[in-house]
Amino acid sequence: MSEAPNLFAQQAKNRRQTAVWVAFFVLFFAWLGFGGDAALYYGSIDANGQAHYTVPWMGIVVTFIASLVAWNSWSRGPKRILWSTGAVELTTPHTTEEKQLLNVVEEMAIAAGLPRPKVYVVNDPDPNAFATGHGPETAAIAVTSGLVQALNREELQAVVGHEMAHIRNLDVRLMTMIAALVGVIVLLSDGMGRMFRGGGGRGLGALLGGRGKKVGGGAITLVILALWLITLLLAPLISRLMAMAISRNREYLADATGVQLTRNPAALAAALQKIEASETPTTSIKGGAAHLCIADPLGRAANLKEGRLADLFGTHPPMVKRITILRGMAYQQTKSAAPQA
Amino acid sequence: MILVLVVLLPIFIWIVLAYNGLIALKNQTVNAWKQIDVQLKRRHDLIPNLVSTVRGSMEFEKETLQAVIDARSKAMSGGVGVKDTVAAEGALTGALGKLFVVMEQYPDLKSSQNVRDLQEELSSTENKIAFARQLYNDVATSYNTKQQQFPTNLVAGLAKAQGAELWEIEDQAERAVPQVDLSLKPKPQA
Chain A
1 MSEAPNLFAQ QAKNRRQTAV WVAFFVLFFA WLGFGGDAAL YYGSIDANGQ
51 AHYTVPWMGI VVTFIASLVA WNSWSRGPKR ILWSTGAVEL TTPHTTEEKQ
101 LLNVVEEMAI AAGLPRPKVY VVNDPDPNAF ATGHGPETAA IAVTSGLVQA
151 LNREELQAVV GHEMAHIRNL DVRLMTMIAA LVGVIVLLSD GMGRMFRGGG
201 GRGLGALLGG RGKKVGGGAI TLVILALWLI TLLLAPLISR LMAMAISRNR
251 EYLADATGVQ LTRNPAALAA ALQKIEASET PTTSIKGGAA HLCIADPLGR
301 AANLKEGRLA DLFGTHPPMV KRITILRGMA YQQTKSAAPQ A
Chain B
1 MILVLVVLLP IFIWIVLAYN GLIALKNQTV NAWKQIDVQL KRRHDLIPNL
51 VSTVRGSMEF EKETLQAVID ARSKAMSGGV GVKDTVAAEG ALTGALGKLF
101 VVMEQYPDLK SSQNVRDLQE ELSSTENKIA FARQLYNDVA TSYNTKQQQF
151 PTNLVAGLAK AQGAELWEIE DQAERAVPQV DLSLKPKPQA
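Chains as they are written, first to last, in the working numbering: chain A, 1 to 341; chain B, 1 to 190.
Bear in mind the hints are in silico, worked out from the structure with no lab data behind them. A couple of the hints might just be wrong.
Straight-line alpha carbon distances no greater than 20 Å define the calculated EDC-like cross-link-like pairs of lysine to aspartate or glutamate that follow [what the hints assert, rightly or not]: (1) A/Lys99 - B/Asp117; (2) B/Lys34 - B/Asp138; (3) B/Lys110 - A/Glu98.
When you get a sec, could you build the whole thing from the sequences and use the hints?
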């Protein structure tokens with residue numbers, strides 16, 4: 001396969017970027033918990049240089065609660081997403097189209113060397129598809145009924161290949177994890193913000209006005225506390241932006257891996273074009289599952305444009321860019337195949 | 001003593017890792033081959049069904065049908081090696097392809113729900129064979145590359161690694177791009 005180096009290069013690049021983002025997420029998470037402790041620690045240093053606040057209670061409590069909440073939404077996330085879209089599992093096919101869908105999914109599972117994921121159908125006329133789950137063994141692929149009708153077999157295969165790529169690259173695991181993490185960060189930021197605005201305010205005032213002022217620790221306390229409060233306020237926004245950035249990168253990677261499975265970039269380009277051409281939003285798929293879909297179900301403007309703002313707020317890369325990349329791959333394929341024929 | 005350990009331990013760890021990596025790839029290759037086998041068997045099982053369904057309406061195409069039946073029995077009794085299997089299955093793919101082309105000329109066959117379902121089943125099986133082959137070739141290539149590359153080739157003998165044969169398309173007819181005739185002229189009967 002002469003196009004293989006190109007695909008692998010793209011995969012490697014996407015993987016590196018994602019690793020950086022996830023590390024950033026974890027650090028951010030740690031800062032929310034232990035940053036507050038740091039402020040309290042430096043604030044509690046008295047004139048003798050003795051710290052009275054030595055056990056990082058805030059970090060411990062935050063870690064405990066966060067783990068619980070994250071575990072809960074991690075283990076129930078995929079089911080909740082499927083439920084929220086009204087997806088119905090396709091077990092016994094009745095029509096030729098349904099048989100074809102199951103066959104196509106099985107073919108792509110074979111190409112990826114994975115067990116066949118569960119297949120769900122969302123009753124919605126707008127063509128769209130998504131994958132979710134914890135890993136290849138428990139993953140599910142959902143397509144709208146509109147997708148099955150609008151695409152031919154090759155294009156359906158390309159879309160299913162894209163979703164299978166999400167599963168093989170463990171994007172489904174990552175996205176489920178990130179959804180859980182973002183949920184926790186939003187929750188924590190809300191909860192802690194309320195605590196400080198309310199009863200906690202007195203404690204904070206005592207901390208700032210008390211012993212802290214006498215020594216050098218005071219300045220550090222103030223700086224850390226200010227930074228920490230700012231992150232606390234911005235946390236929900238920043239974590240959502242980070243989730244979007246990860247989701248965007250993953251779409252390019254899934255396009256590339258999906259094509260590696262089908263060896264047919266032109267079909268995916270054609271499928272994306274058909275999906276984009278239907279302007280009606282996918283009404284069954286709400287915000288919670290939007291970032292999982294092959295194309296933004298809400299039809300938001302940010303995903304259509306290129307540029308800084310779209311790069312920040314879009315959950316999906318611009319279609320034009322994706323189709324252009326795929327067309328390039330298709331061109332390379334025909335060019336390298338031509339001399340042999 | 002400690003110095004010797006410090007030098008030898010990483011080498012030992014590397015040997016273990018390289019050895020295990022090779023074994024994992026070897027098993028993946030074997031498994032990928034089994035996946036092809038599963039699909040080939042499925043194709044063999046589907047063909048009698050197809051033949052009995054279309055036989056009634058295809059009186060004139062006796063030799064096309066017979067070619068499929070012959071190719072099937074040959075593929076089923078065929079050898080064990082990669083080369084033999086590839087040759088026999090390639091012949092079967094060619095015979096089936098011919099049958100599908102001929103079937104296109106029978107409108108009552110094309111409109112039958114039963115035949116359409118069977119055709120979807122068979123073309124899906126053809127795809128599955130192709131994708132299983134693709135996976136096998138990919139896995140076998142990375143296995144072959146790994147055991148030839150330095151320094152993994154040093155432990156290749158230890159892991160009893162041998163080059164895996166790729167499934168290459170031998171049949172010229174299968175390699176060629178299919179010609180699609182879009183003119184509406186009546187076809188000359190061969």
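Quick rundown of the hints versus the structure:
Under the criterion of a C-alpha separation no larger than 20 Å, the hint pairing A/Lys99 with B/Asp117 is consistent with the structure, at around 8 Å. The suggested pairing of B/Lys34 with B/Asp138 holds, with an alpha-carbon distance near 14 Å, which does not exceed 20 Å. Between B/Lys110 and A/Glu98 the alpha-carbon distance is near 19 Å, which keeps this suggested pair within the 20 Å criterion.
Violated hints: none; the structure is consistent with every hint.
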